[in-house]
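Using the sequences and the hints given, assemble the complete structure.
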Amino acid sequence: MRNPEDRHPFFDQIEKLFKNKTGLAGLIIITLFAMAAIFAPAISPHNPIENALYDQLKPPVWEEGGAAKNLLGTDDLGRDILSRLIYGARVSLTLGVVSVGLALTLGTLLGALAGYYKGWLDNLIMRFMDIILAFPHILLAIVIVAYLGPGLRNAMIAIGIINIPRFARIVRASVMDEFGKDYVTAAKAVGASDRRVIFNAILPNCLAPMIVQASLGFGAAILDAAGLSFLGLGAQPPIPEWGAMIAEGRAMILRAWWVMTFPGIAILLGVLGFNLLGDGLRDALDPRLRD
Amino acid sequence: MVENLLDIRNLKTYFNVRGAVLKAVDDVSLTIKAGQTLGLVGESACGKSVTAASIMGLIPMPPGRIAGGEIFFDGIDILKLPEFKMRKIRGKKISMIFQEPMTSLNPVFTVGDQVAEVIRLHEKLSRKEVRGRVIASFRLVGIPAPESRVNDYPHQMSGGMRQRVMIAMALACYPKLMIADEPTTALDVTIQAQILELMNKLKAETGASILFITHDLGVIAEMAQKVVVMYAGKVMEAADVNDLFGDPKHPYTIGLLSSIPVLGTGKKQKRLSTIAGVVPSLFRLPEGCLFNERCTVAQADCSRIEPPMRDLGNGHIVCCHRCN
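Top to bottom, those sequences are chains A and B.
All residue numbers for the first sequence refer to the numbering used here, where the first residue is 1 and numbers rise by one.
All residue numbers for the second sequence refer to the numbering used here, where the first residue is 1 and numbers rise by one.
Just so you know, the hints here were simulated from the structure itself, not pulled from any lab data.
Incorrect hints may appear among the rest.
What the hints assert, rightly or not - Below, in silico cross-link-like pairs of lysine to any residue (SDA-like), each with a Cα-Cα straight-line distance of 25 Å or less:
(1) Lys181(A) <-> Ile191(B)
(2) Lys85(B) <-> Arg196(A)
(3) Lys88(B) <-> Ser193(A)
(4) Lys16(A) <-> Val108(B)
So this is what it looks like as structure tokens:
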């Protein structure tokens, strides 16, 4: 039952995450992507935005006509696909962090206020969330980007905004669920202010659904950003963004399948990795699920 | 120093529910002297816990409201204090021990952190000093190996240990008044005895007053110097513990006392006497005396006229037409 040595419970949670196979798989994928993002200049064989007019549309190394110089081939401007994918991890992870960070912060704040104070404030906040949800997701993002102007930064803001309701709803529901519990009354009874009760007592108990939602949101954000970039509203050329790469390769699908297939696989793996990691983290972080 | 640490005068706590006004606490007055334990007894839903929540300022408003009365704590009417001042009293001067040790601790923090939180809220101390205080308070309430136990999560502790943590939390800032809301109801009997013994010991050491809420008269006899019996939101009888058990006046108190089973007399036991009927719903309170429908000595006037509070001397107060 008790820890034999005086070690921080954090290590138990990490250990538990490592024992969980799906969580571990997600963690490995995400770690690989993160490593690629961090060490992009060191590991990518070519400059991702450098044109090589003599190497246009080279197939991957295992296809006929492929060369070891461009492992995953090149696009129509002769840019190395592998290098662009590696730099694309940077773009996608930054984008995920920023937009999920934005959505999580605002969504948590709004959801917690709505769930804790209830009444008219709850109605005001949640009806506003309903309005956001009433629009098709990507359409609203397009509207926001159209208003702010296309570009990666504005795409992140737009994706952040459209994801606020998913966090606000989950946090509101969890806060309401926790609100009636005795430890909340106990926290008030020792003289904690409303702010302390919400942020120091209730929200840590809502962490598990928030984490799951955040990692799912991470995947969704990458997907949305790819969608916006595909439509030409997100990352602008020559930024090596996965969605933009698919858009660029779209015209050549029959001649050069590799130009859009590999970015597609990268998006798939990235989204999958975050979803797997989210599930693993939920199991590991919740003390009520611990034995 | 005021004579009475806590002086509740004509407290009325009402709840608006479905268009009706529920008088959960109606005209309750009681006093606790410094260092005294007052037992507040009554059946479920008689307003014991609402009285406690009113003192702590934890009545959810709406639907609740304090419709009248004063609560003087250390000479100050705490009902008139603004919330930010009340926060400084909660946990510091008045603390509370809850009924359910299993759910009253926050499951995602270590017990040590939770006790430390109380100290940090009310006192400016360094991390190390806080930790020292936490360990000292754990030792005080008899938790073995406090240095390592502070790092436990609530789910790693038994019910009795958790209640000790709750008591440590309540004692952390040396309060003048502790409100114990049925602190032993959720525990088994041996642990219950240990906790009661601990509370008596700590009271003697710290000089704190205790408002002890329970429906268990046996516990009251062990803990309290003064007893207040509540019924349907009103005080029925208040007296010193010896007077109340030795010479109960109110038919309700008499009924309660005779409903306690007596063991080990050797003779064939009589059938255990009970009080007929049930506690009236707060939605439909009877006219006159609230207890008249279940009372064995009720007469005609009992169902018409509300009985006044009568002082029988020596602080023995009773609310009944039939007691003189």
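Okay, the hints, checked on the actual structure:
1. Lys181(A) <-> Ile191(B): holds, 24 Å
2. Lys85(B) <-> Arg196(A): holds, 16 Å
3. Lys88(B) <-> Ser193(A): holds, 10 Å
4. Lys16(A) <-> Val108(B): Given pair Lys16(A), Val108(B) holds - Cα atoms ~16 Å apart, limit 25 Å.
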